[in-house]
Amino acid sequence: GDSVTQMEGPVTLSEEAFLTINCTYTATGYPSLFWYVQYPGEGLQLLLKATKADDKGSNKGFEATYRKETTSFHLEKGSVQVSDSAVYFCALVNRDDKIIFGKGTRLHILP
Amino acid sequence: DVKVTQSSRYLVKRTGEKVFLECVQDMDHENMFWYRQDPGLGLRLIYFSYDVKMKEKGDIPEGYSVSREKKERFSLILESASTNQTSMYLCASSPTGQPQHFGDGTRLSIL
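Chains as they are written, first to last, in the numbering used here: chain Z, 1 to 111; chain W, 1001 to 1111.
With the rest of the complex left out, here is chain Z:
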């Protein structure tokens, strides 16, 4: 079945470091891809999305590019801040309109 695999956390970085959180997927057809963020004590918020191959989603300095050839949607940010500390979820919506989440990656940013 369809699935999303993302790197295990926690990921700990210093402020202003470069961030990459890997995400790969398995799905038939052309799913839509998403990154959600969950700040402490809150629900999930949509961070960015991409709906077709080679699309780049971006928001709040974060970017991710839909790579069909490698079935990947890695999240990147050039310079992280303490306020970026959160749990990040990669997700896809498949051709049955079902959303499938990865297990989440906890990110800690040290001042």
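Be aware that a few hints might be false.
Claimed, not checked - Below 20 Å or equal to it, Euclidean Cα-Cα: the simulated SDA-like pairs (lysine to any residue) are:
| no. | chain 1 | residue 1 | chain 2 | residue 2 |
| --- | --- | --- | --- | --- |
| 1 | Z | Lys52 | W | Thr1005 |
| 2 | Z | Lys98 | W | Val1052 |
| 3 | Z | Lys49 | Z | Glu69 |
| 4 | W | Lys1057 | Z | Lys49 |
| 5 | W | Lys1003 | Z | Leu48 |
| 6 | Z | Lys49 | W | Pro1039 |
| 7 | Z | Lys68 | Z | Pro40 |
| 8 | Z | Lys77 | Z | Lys98 |
| 9 | Z | Lys103 | W | Gln1085 |
| 10 | Z | Lys49 | W | Pro1095 |
| 11 | Z | Lys60 | Z | Gly1 |
| 12 | Z | Lys103 | W | Met1054 |
| 13 | Z | Lys98 | W | Asn1031 |
| 14 | Z | Lys68 | Z | Thr20 |
| 15 | W | Lys1055 | W | Leu1041 |
| 16 | W | Lys1070 | W | Glu1030 |
| 17 | Z | Lys98 | W | Tyr1050 |
| 18 | W | Lys1071 | W | Gln1085 |
These are computed hints drawn from the structure, not numbers from a lab. This structure is a prediction, so every number in the text was calculated from the model and none was measured.
We have chain Z; now place chain W onto it with these hints.
Structure of chain W alone, referenced to chain Z:
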């Protein structure tokens, strides 16, 4: 902005009690979802609904039921609460084919 409101942020109940978790959305979305979130397991879908009075089982429906009498409200019911249902519960809504919007979650403890 879409608003998904869960009735309680924190709830403590006793084993065997009947527990109701309420969720209301204000954007006339067709689809509503209930998840539970546990460390190391990510989000798991309990039940979802594509329309009023309609419900579908998710991946882990055992021990739960749902009610959708009005389009804006989706209730999760624990018929007889057990300690293994202690968890964070997240409600979400979406228009068909669009990303889900989440509430802030209800942290439920069953003693």
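Checklist entry - Which numbered conditions among the earlier hints are violated in the structure presented, ordered from lowest to highest? => result 1, 4, 6, 7, 8, 11, 12, 15, 18
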